[in-house]
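Okay, here's what each chain looks like letter by letter:
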Amino acid sequence: MDLTLSDDQRSIIDSVVGVITDVMPIEKVREVLAGNTSPLDVMWSQAAGLGWFGLGLTEELGGTGFDLIEEALLFKEVGRHVTPGPLLATTLAARVAAQGGAAEVAAKLLGGEVRAGLAVPLAGDVVRLVGAAATDYLLVVHDTVAGLFPASAAIDRIPLGGLDELTSREQATVSGDPVAVVSAADDPIAARGSVLVSAMLAGIAEATRDMSVTYAKTREQFGSAIGAFQAVKHRCADMAVAAALADAQVTFAALSVNDFAADAGMQAAAARVVAEGAALDNARETIQIHAGIGVTWECDAHLYLKRVHALRELFGGEAAQRGSLLHAEPGN
Amino acid sequence: MDLTLSDDQRSIIDSVVGVITDVMPIEKVREVLAGNTSPLDVMWSQAAGLGWFGLGLTEELGGTGFDLIEEALLFKEVGRHVTPGPLLATTLAARVAAQGGAAEVAAKLLGGEVRAGLAVPLAGDVVRLVGAAATDYLLVVHDTVAGLFPASAAIDRIPLGGLDELTSREQATVSGDPVAVVSAADDPIAARGSVLVSAMLAGIAEATRDMSVTYAKTREQFGSAIGAFQAVKHRCADMAVAAALADAQVTFAALSVNDFAADAGMQAAAARVVAEGAALDNARETIQIHAGIGVTWECDAHLYLKRVHALRELFGGEAAQRGSLLHAEPGN
Amino acid sequence: MDLRLSPEDVDFRQAARDWIRENYPTEPRPNDGPAMREFDLEWQRRQWAGGWAGVSWPVEYQGRGLPVLHQLIWLEECARIGAPDIDSRFVAVNHAGPTLIANGTQAQKAFHLPKILRGEVLWCQGFSEPQAGSDLASLRTVGVIDGDELVVTGQKLWTSFADLADYQELLIRTDPSAPRHKGLTWVICDMRLPGITIRPIKTLDGLSHFCEVFYDEVRIPLTTVVGEVNEGWRVAMSTLSFERGTAFTHGQVQLAAIVDRLIEIAGERPAYGRSKRGIDDDEIAGRLATARAEIAALRALTYTNALRNQSASQPGPEGSMVKLFYTELRQRLMRLAMEIVGPGSTLRGITHATWDEDYLFSYTETIAGGTSDIQRNIIGERVLGLPR
Amino acid sequence: MDLRLSPEDVDFRQAARDWIRENYPTEPRPNDGPAMREFDLEWQRRQWAGGWAGVSWPVEYQGRGLPVLHQLIWLEECARIGAPDIDSRFVAVNHAGPTLIANGTQAQKAFHLPKILRGEVLWCQGFSEPQAGSDLASLRTVGVIDGDELVVTGQKLWTSFADLADYQELLIRTDPSAPRHKGLTWVICDMRLPGITIRPIKTLDGLSHFCEVFYDEVRIPLTTVVGEVNEGWRVAMSTLSFERGTAFTHGQVQLAAIVDRLIEIAGERPAYGRSKRGIDDDEIAGRLATARAEIAALRALTYTNALRNQSASQPGPEGSMVKLFYTELRQRLMRLAMEIVGPGSTLRGITHATWDEDYLFSYTETIAGGTSDIQRNIIGERVLGLPR
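Protein chains in written order, with my numbering: chain A, 1 to 332; chain B, 1 to 332; chain C, 1 to 388; chain D, 1 to 388.
Please keep in mind that the hints were generated in silico from the structure rather than gathered at the bench.
The reader is advised that the hints may include incorrect statements.
Stated by the list, open to error - Calculated lysine-lysine pairs in the DSS-like style (CA-CA distance at most 27 Å, straight line):
no. : chain 1 : residue 1 : chain 2 : residue 2
1   : C       : 202       : A       : 217
2   : D       : 109       : D       : 182
3   : D       : 202       : B       : 217
4   : C       : 109       : C       : 202
5   : D       : 276       : C       : 276
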C-alpha cells in the first residue's frame, strides 16, 4: 500500500494546473460564461496534445497508459478550477470508442478533433443531455452498459434551464445505432464516471476551503482578520475536515475501482456521498464567509456552488448510493 | 388574541416554582435518585393541596377550573426542574376518572392519596409502563380512547432499563376492566398529554439554556469567561432561539387544543417536534459547553438529557407527528 | 392567554381580506426599473386611498393607530392572497417612517411622513460600506460641516433600490477623532443631489438586488440630520431593531406557501433523482413535516414577541432571533426544494420566476441586514448578557 | 499510489490475524479495578511473549520496528476479532513510550520502555486541572525544586486509570514567574509516592472513567524530568500529537461494527417508536448509509495521514482532524442508534454492556483529550494558518 504521490503523478498534476492556469484561469472561465468559446478551443487542443482524454487508456488503445487514479487527479484539478467544457464526457467517450472497436472515433476524440456530451437516461429512450451543446457525440451511460452515439441520434432536443450557466442541459430522445458499446462487466464506465465526478467535487471542496481561508486571513472587521473569530475559524476547520475526508476517500475509490476490488462499489459510493456533502457544504459556507461579497456575481463562490449542482445529477446522486452502502460487505 | 400572562397565570407559576424550589430542589431530586422517596411524598401532598392534579378540570368535577394552558405552565416548570414522580399521569388519570364517572377514584387522585402511572400501548394488551412503579392506577392512552385501570390489572410485569433513572419502565400485559374510560372525541387525552410533554420539553430547553449561559458567564479559560468565545456564545444563541420557538409553539398548541381549534392537531404536532428538538439539542449542548464537568454525575446536565429520552416515548414521538403536519390544512 | 381573535379582530381581518381581494394588483409585477417603482407606489397609493396605509402608524401621522396584532393580520392577509410584498417600500414604510416618528424633527415628520404613506416616495438605506459590513461602526464615508450643510464623500454598498429611491437613510462619520460608535450622524439624503453616482451590483442569481452608491462632495442640508450630529449610532440601532421585529411576516407566509407547494409537488412525482414519490420517501416527508413545524413555531414566536413588546418604545433584540431563524430556515427550505424539484425545473417559483432563482436568492438572506453570525452575537450579548 | 497490500503486508496481516485468533483473551474483561488491570497487563504480556508488542516501536527499544502500515493492520485485526481495546494500556504504549523515545534520557528509556512493552506497568496522564481544561497552559499544580527533588502540590482532573496506574505523565508549573507556556515541566510521577490521593469521578453513565488526583508535597526526583525543566509544554504537545494520530483506529473499527449491527437490527424490526422496519424507513436507511460512507472516509483519511507522515519525527496537527471527526461521528452515530434501538434496550451494547452506556459514553468522547472546539482551533490555526 502506498498513498504518496509518485513522481509521474506529481508531473500530471503540475501539467494540468499549468495548462489550466495558463489558458483557463478564472478570467477565461468568465469569458466562456459570457459566451466567448475561444478559450475553450485553445484549452481543448492543449488538453488533447497532452493526452488528457486518454490518460487512463492503455497505450495499445491510443492512451497514455495510466490508471483511474491519475484521471482522478486530473479531474480534481478540473473541479478545483471550475474548468468548463465536456472534459469528462469526452474522456469516457474515448474509452468507450476505443474499447468498443470504433478506433477512428476514438482517435478523433483523443486528438481533440471532436467532443462528446453526456446523456443521462431518464425513461425509455428519453435522456437528459448534460454539457452536450456543440458536441459531436453523445455518451449514454447505464449501470450495465455504455453506448456512444453520434450527436444526430438525439432528436427533439429541448433546452432546459439549470443552475450552472457553464453546463448546458437539454431533454432529448435517442434513436439510431451506437458507434460503440461497452458493457460494465468489461469496463465499469458508470463507476469510473462517478469516481471522476467525486474527484471534481473533492476539488471543489478544496478550492472553496482555500478561498474561504484566504479571505478569512485578509478581510478585516472589528479590528482584526475575520479568521480570528471562532465563528469563521471553526467553519474553516470543518471545511478542511470535509475536504480532507473527500480527498482521501476519492483516492481509495479510484484505486479500488481500478483494481476491481471486492469493495469497489462501496468505496465509490462512499466517495460520492462524502464528496457531494463536502462540496455543497463548503460552497455554501464560502458564500456565507464572504458575506455581502459572497453573493455577488463577481465573486467566484457561486460558480462552485452551481457546478456542484451540475455534477450531482451525473451517474446517480447521493440517494442512489444507498444500496451499495447498506449492502456492502466489510472490506479488507 | 392575548399572549401575555394573566395575573392568575403568574400566580400559578410562582406557586409551582415555590413548591418545587422548597421541597424538590435539585438536591432533593438527587435524594430521590439515590432511593429516598420521602421528598416525593412531601411534594405530592403539597401538590395535591394546591390543586395541581385538577388544574385544568372544571370545578364541578373537583378541579380548579383553569385550562390546558395553565397546566402547560405548570408542566413547563416540572420539566425545567426535572421534577420526579408521575405528575403527568396522575393529572391525566384524575381527568379520566372524573369524566368517566369514577368520582371516588378522581377524588383520591386529586387529593394525592393515590397515584397513577402511564401505560404506553405496544401490541394487543401488551404495554410499556412508564413511571408506574409504586402507583395505584394505570392510565392506558390510545389515540381514540383513554382507560384507567387499577394497578393490579398489569400482570407479568418485567422491569426494563432506561436512560432516565428517575422514570421507571416495565413491560406488562393489561387485563381486566377499567374503572373509567373517556373517548378522545369527548376529551382528547392523548393530545393533552402530548402538549404537556411538549411543555416539559420546552421547560428543559429553557433550563439547559440557562444552565449553559450561567456557566458561560462564570467559567474562565484563556483569560476570559468562555461566553466571550463565539463557539460558546453562538451555541448559546442557538439554544435561546430553540427554547423561544418551543415555548411560543407550546403556548399556541395548548390554546389551540383547549379551544378545539381546526388546526389543533397541527399545532400540537408542531409543538412536539420543535420542543423535542430544542430539548435534545440544548441538553446535548449543555453537556458540551460544560466540557469535562458536563459528563460528571454531579453535573445536572445528564438529568435533563435522560429526562428528554424518557419523555419522547410518551404519546407518540417525533416520527408519529408527521401525518398531522403533512396533511394539515392551513390555519388561520 | 388566548389565541382566539376578538370580534373586532375578526372584523378587521375580514375587512382587510375583502378590501385586499378587491384592490390588490393582479397584473404581474415588473422585475425592476421605473416600471417596478411605479407599480409599487401605485399599490401604496391605493392602500392610502382605501384607508389601509400605516395600519399601526400613530393616528397623528395619518396612520390607523391600530394595535400590532392588526398589523400582523394585515401583513398575513396581503401575503396569503398573493398581494405584492412590501419589498421596495420596506425602507420607507418600516424603517424610515418609524425612525422619523421616534427621532425626527416636526419639520422632518411633516414633510416626509405623508409622502411615505401616500405612496409618493421610495427610500433606501445607506449604512454598509465595503470595509464596514458586519462591522458597521467602522464606516468611513465622511460628512464635513460647511456652513449649514454637510459635505459628504465616500461610498455605500448593498443599497437595495438606490436607483429607484427618492431618499436615503444615510449614516456618515462626522467626527473622525471620536471613538468608532461616536461621531456618526444619520441624515436624510436626497438621492437626486449632485455628486451621487449609483451602480447596480449583479448578484449570484443573475439579478441585481443591490447597488453601490458613490458620494463625491454631496452637499446635504444640516436640517436633514435626524437626532443630533454625532448621535447617529443610536438612531441607526433603533432603525435596525425595527427591521428585526415583524419585518418577516410576509416572508413567513411565503415560507408556508413554499411548503404547501412542495408537499403538493412531492405528492405528484418523485423527488429529483429518486425513485419514489417525494411524499412516500420518509426522508423527504420528514423534512417537509419538520419545516411545517418550524414555520408554525416561527409564527408563534413572531406573534408572541410582537404582542408582548407592543408597549415597548422600540422592538428589543429578540427580533434578532426571528431574523436568524427565519433566514436560516428559508435557506434550509430552499435547499430541500432543490432536492425535490431539482435544478432547472420548469415549475414556476414562489417569489421569483423559477425555483432556481428562489434557491439562489436564499443565500443572500442569511447575509443581508446583518449576517447570521452578527445576529448570534446580538442574541448572545444583548439578549443573554454574555460578555463581548 | 496503490491500495493493494504487498506480499509482505499480506503475510503480516495473515500472521497477525492467526496469532490474535489463537491468543487473544476471550473471557469477559473485568469492568474495573485490579482485576481489569491484571487482565489488560496479561494481554500485553502475552503480546510481548508472542513477539507482537510494539509493532512500530524502534528495534533498539525491543519493538518490531515495522512501518506504520503494519501498526494500522495490527490495530485493525485486533479490533475486528474483538480483542480488547488498548484502553488502560493506551497512555503507556501510545503516549509515554513514544514521548520517552523522543525526549527521554538513556536511563529513563532503559528503565521504563521495557516495562511498558512487557506489560509490567500501566501509565496515566496528568495534564488537565479544574481551572485548566481546554486552557491547558493555565495549569496551577506547582513543583518547587528542593535539592535533587521536585516538591509537587496541586490537583489534576480527568485522569483515566489513575487508581490503577504505576506511573503518570505529570505536567507541573516549575516557574510561576514565566509566561503561561513557559515554566512548565513534564515529569514521570510514581503513583505510589506519599502525598498522592486518588478519587474516582462518577460519570453520567454511572461508571467511573476518570479520577481526580491530589498532590500534597509529593517529592519527585529531578531525574524523572523528561526534556528539560521548564520545557514541559513542548514535550506535552508532542505527547498530545501522538494521541491524535492513529489512536482512533480501534475505535474506527468499532464504529464499523456498530453500523453493521445497526443495519442488522434495522433489518429485523422497526426503529424505536416507528412502524416500518428500520431498513425500509428511508430516513433511517439514509442515515445508516451516510454513516458507512463517513466511516470509510475516516479510515481513508487515517491511512492517508499515517502513511504520508511516517517519515515525520512526530505526527502533525492533522491528527486533530481525525480526532474531531471521529468523536463527532461516534456521538452522531450513537444518537442514531438511540433512534433505532431506543433507550433501555435489552440488546447487548458494542463496547459497553448496553446501548444506553455506549450512547452516554459518546458524550465524553467529544470532550476528553481536547474538546471539539479546541480541535477546531488547532485545525484553524495550526493546519490552516488562521490568526489566533
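Outcome of the hint check:
no.	hint	in the structure
1	202(C) x 217(A)	holds (26 Å)
2	109(D) x 182(D)	holds (25 Å)
3	202(D) x 217(B)	holds (26 Å)
4	109(C) x 202(C)	violated (35 Å)
5	276(D) x 276(C)	holds (16 Å)
In summary, the one numbered hint that this structure violates is 4.
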